[in-house]
Amino acid sequence: MRIQEIEIDDDNVGHLTSHHVTIAEIEAVFAGRPTIRRNKGGRTADDDAIANGIRVNFLYRPGVARPISAWRLQS
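The working numbering puts the first residue of the sequence shown at 1, with every later residue one more than the last.
Rather than coming from a laboratory, the hints here were simulated on the basis of the structure.
Certain hints may be false.
To be verified - So the derived label-pair ranges between C-beta atoms look like this:
(1) GLN74 x GLN4: 29 to 37 Å
(2) ARG37 x GLN74: 16 to 24 Å
(3) ARG61 x ASP10: 13 to 21 Å
(4) GLU7 x TRP71: 13 to 21 Å
(5) PRO62 x HIS20: 28 to 36 Å
(6) ILE68 x GLY32: 17 to 25 Å
(7) GLN74 x ARG2: 25 to 33 Å
(8) GLN74 x GLU5: 27 to 35 Å
(9) ILE23 x LEU73: 27 to 35 Å
(10) ASN57 x ASP10: 29 to 37 Å
(11) VAL13 x ARG61: 25 to 33 Å
Being a predicted model, the structure only gives us computed values, none of them experimental.
Glycine included, every Cβ here is placed at the ideal spot set by N, Cα and C.
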């Protein structure tokens, strides 16, 4: 899976930031080498704590990740 673009717009930014995760932190998850896990229904979810302990659920279409939800993992 190759992600070339992260799709963040007015429709999803409010929900993403309501979990106290910044857009910059979400972008950092995708900028690294996240572990990717298939979710129900063929959707894909990032399931890895990358440096800052953040998990991002996202929809995927070729080259594009659209974050749906994000939260900090408990240590």
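Status of the hints after comparison with the structure:
1. A beta carbon spacing of about 31 Å between GLN74 and GLN4 agrees with the range 29 to 37 Å that was offered as a hint.
2. For ARG37 and GLN74, the hinted distance range of 16 to 24 Å is satisfied, since their beta carbons lie about 18 Å from each other.
3. The supplied range of 13 to 21 Å is met by ARG61 and ASP10, whose beta-carbon atoms lie about 19 Å from each other.
4. Take GLU7 and TRP71: their Cβ atoms lie about 19 Å apart, and the range 13 to 21 Å holds.
5. Checking the proposed 28 to 36 Å range against PRO62 and HIS20 shows it holds: the Cβ atoms sit about 31 Å from each other.
6. One distance hint, 17 to 25 Å for the beta-carbon pair ILE68 and GLY32, holds here, with the actual separation near 19 Å.
7. At roughly 30 Å, the beta carbons of GLN74 and ARG2 sit within the given window of 25 to 33 Å.
8. For GLN74 and GLU5, the hinted distance range of 27 to 35 Å is satisfied, since their beta carbons lie about 30 Å from each other.
9. Separation of ILE23 from LEU73 is about 18 Å and departs from the stated range, judged on CB atoms against 27 to 35 Å.
10. The hinted range of 29 to 37 Å is not satisfied by ASN57 and ASP10, whose Cβ atoms lie roughly 19 Å apart.
11. A hinted range of 25 to 33 Å is violated for the C-beta pair VAL13 and ARG61, which are about 19 Å apart.
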